[in-house]
Amino acid sequence: MDYLWTRCNNCRRILYKQDIVSNNFVCPACNFHFRLTAIERLSILFDEGKYTLIDQDISPEDPLQFVDNKKYSKRLEENRKKTSLKDAVLNARGKMGGLDVVIAALDFNFMGGSMGSVVGEKITRAAELALKERLPLIIVSCSGGARMQEGVLSLMQLMKTSSAVALLDEAGLPYISVLVDPTTGGVTASFAMLGDINIAEPNALIGFAGPRVIEQTIKEKLPKGFQRSEFLLQHGMLDSVVDRKNLRSYLIRALRLFLNRPA
Amino acid sequence: MNEEKDFYKLEKGIVLLKEKIDGLLLSEDPREREKIPPIKQKIEKKWEKIRPNLTPLHIVQIARHPKRPYTMDYLDYLTDDFMEMHGDRHAGDDPALVTGFGFYRGRTVAFIGHQKGRTTRQRIERNFGQPNPEGYRKALRVMKLAEKFGHPVVTLIDTPGAYPGIKAEEQGQAGAIAYNLKEISRLKIPMVNVVIGEGGSGGALAVGVGDAILMLEYSFYSVISPEGCAAILWKDQKATSQAALSLKMEAKDLMEMGIIEKIIPEPPGGAHIDFEQTFKNVDKTLNQVLKKLESKSPEKRLEERYKKFRKIGVFSEK
Ligand SMILES: [Zn+2]
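Chains as they are written, first to last, in the working numbering: chain G, 1 to 263; chain F, 1001 to 1318.
Among the clues, some could well be false.
[To be verified] The list that follows gives simulated cross-link-like pairs (lysine to aspartate or glutamate, DMTMM-like), each with its CA atoms no further than 20 Å apart:
# : chain 1 : residue 1 : chain 2 : residue 2
1 : F       : Lys1018   : F       : Asp1029
2 : F       : Lys1144   : G       : Glu170
3 : F       : Lys1188   : G       : Asp169
4 : F       : Lys1311   : G       : Glu61
[Stated by the list, open to error] Below, a sample of chain F positions facing chain G; criterion: calculated Cβ distance under 8 Å:
#  : residue
5  : Tyr1077
6  : Gly1165
7  : Gly1172
8  : Ile1177
9  : Gly1202
10 : Val1209
11 : Lys1248
12 : Ile1259
13 : Ile1263
14 : Pro1267
15 : Val1314
[As the list claims (entries may be wrong)] With the C-beta cut set under 10 Å, the calculated list includes, among others, these residues of chain G facing chain F:
#  : residue
16 : Glu61
17 : Phe66
18 : Glu78
19 : Val118
20 : Glu150
By construction, these hints were calculated from the structure, which means they are not laboratory data. All C-beta atoms in this analysis are idealised placements derived from N, C-alpha and C, irrespective of residue type, glycine included.
Bound conformation, chain F alone (with noise of 0.2 Å):
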């Protein structure tokens, strides 16, 4: 890395304070409470002077950050009665995609995410959070579910990226992938893809394309991470932070090249620090999107969504 300043000795301020609210939290005094809001402004102020100097990496960081929330997080606020489906009735099962279904704002929703661990101990369990073969195909089960009985999909999109293995080949990784990507160009019923941290490349588009993609303001999509292009490209890991700027893959970029439909704000220091107000931001605009697309035919939603990819792409034609 160059000179430019680790995230996490940026943030230190606001997480003492983040620290603090949460002991006041705990407290039995309601008079203790009052003493948030003014904690709350104080991470606005710091946030507001750390903000506009961010770069792609820290960006990147923060997307990565191991106190974000995860997508249990999201579906532990989001949903109730959320059950869980396992398997892809092939080869396994994979704990690095969550697939199931929920009820969210009065509907039964099919919800799938990858999930990185939050405990060592769960990220090696969770294969921190790349999946395999069996995952994007337990997926793609899991949206024909939906389509059958007619429910929506959320996806919530938070990997690294595919899991490099030798089985991982063995199993048809590409084709796996490839086969959802198909799939999901006709699949009758809405599907809303939410980037809640990475998009990394091939793990990620699997099961992140559809009616609409909605970013979290500090996320990230991209077609390989900063590191893997710096290696390729620079073949200097020094570079990793200049790959970050060049892939373009916040999601301001993705919006300006027109390839999401929403950009989801985070709370003041990220979504790490203030979990509920993420989910709720999360939440408004997720209903609203599911709304309007529920409100169109199948044979509309299917058009527009091919139309969608179709005019994804800068050529010049003479």
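Just chain G, with the same shape it has in the complex (with noise of 0.2 Å):
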């Protein structure tokens, strides 16, 4: 955080940033939800913020030495830099309510949180891992869909994760996929919409197609709150719309639930 004052992008009003942090990153005027790193998200999420982060050690590489107007590989390291990430999720194991849990988080600010080998790999360790170890499973989906730069090997990821997903199916074992703003393509045609639950956080853009690509193609606008959260819920894509600041103690709620664990 660089300056002490930020403007909020939907209400527009001057805000001081700590009041915004206090109060989950979400602004205190309007209940906009800024998008927060995968970071701040496990950091929210777990007792105490605190966590172990775990599969630290996979990185991307350039398979298809794909280049369009940049090189991946360029793109990549630009966004290594600016995120400190090694690719757009994280995978951590810690406590919520004192449950054990494994929690996968993606990122946005990795090249729009892409999915592509890593995220890939990434998501169904976590899945393994949760099923090794008989722990729930949470994954906070927040996407653009499918890497372009890794091809058709980006594509085959959502057979990867769907298939590491349905083995918590048979072992009995909680998955809760959590969408935030935005979840589009690849990542809602895959794990972001295979939960057991799956809820979001308020006017997240969720969808298969990108708007532009629906408007484009239909030629028409779309309607307003379209592929929003609230929609979603709406059309019974969801089991509910979550504001930030009830996510963690609604997450525990249904994992004490699932899990037969009175509070």
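Both chains are given apart, each in its own frame, so use the hints to dock them into the complex.
What follows is the structure, encoded as structure tokens:
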């Protein structure tokens, strides 16, 4: 945080930054939910903000030697510098309400949270760890979709991750999917929509096709609120829209119910 | 497009020869047929010159060729007594995805395939082969039926992609695709996917994974269309050819990446020049692959299916 003051993206009010941070990165005036980094996300979910990062040694490669206006390898390097992350997801374990859990959190700041080989592998490992240690799994998704620079390898991560979370069904382990702004494309078309329950933060953009692509296809303006959390709740795609301030307690309550562990 | 020549211009000579063959086939006089083999040789010769210079964008054009055999053409040739099943028992029936059962080489097989229309009217009716959520759900319903009766599933992939529409979103396009993937991962019967034309992203993937993926020589399978990729990454439609090259979406690329099991050769000039030869090639490989899968136990197949996708991905680990 370089400046003490910032402007809310939604209500445009000038706010004291510390007030936003202490309010779970939510605008105290209009309830706008600022985007969180994966680190911020983990710190607001785990008990006392304490957790252990896992699967930290995995880094992306450039298997297709992909070059658009910029080399993919160069893009990766820039994003590494910008975010101090190796790729767009962090895996962690720790406690929530005293219960041991595995959480994977995507980070939109790293190439739009896109899923290539690393995100696919880490989500899979998070699910496999949950299976091995018999722990509940929570994935917080925030992604533009499959990463084009890894081509069809990215597309196949949809199947890889969906197969991995399927294992938790047979093992009777809870998997909760949290969708935050924005979650679209290949991530919604795989693990993000496969939770035992799917929940979202308010007003998050969630969908398969991006709104611009749809507008170009149907040559119409999209209705207000289209592909927002509340719209998805209305259409039966979500179990609940949960304010960030209630997210942690909601997750703990759900886990307690699924695991038959009254407080 | 850059200086690169359109495939339709490149193939002109071959198309003229093919038309000659078609004419001869119609003739009542058996002596006329004897003229066919030398013409086929001419096609082969022409193709030998064209083929080495084909670019990825040319492959895309062949895969999308309006005369290319579609799912229904394959079903006509491969199956006896194909019976189509309709509806997802939920919201509707998707004409872009054809599902049903037929006898194939002495056994019942469930077939699921994208269908593009041949005429303009059919194309609109079939939504250009772009499925909606009810399509994936219908497909899953038929997969489950196949599982119930212990029949294998064969899917034929040929779609530009999932349809980006309002209703598709309202009815949960993303979730429907995701759910198919999850359910396919534990389907107890053998499942083989054949990419016959376009393998367009999520719309292809939702019915395009299983125990073995086979691709026709000039088909492609991609995370995004080259046009879409050019628009997003290059912000320039003119970059389509470059995007097609960069995405590495041809059969040989997927083979190298260990994603697919077999490449099915196409006749000289591409599948649309000789339907029968194409069907024969598909039949041969498909039957081989199915037989091998049928000889394994369901547990073994599920384990191998999981491993197949588990190992896809390139990253480093220090
Ligand atoms: Zn505000």
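Broken hints, numbered, in rising order? 5, 13, 14 and 18
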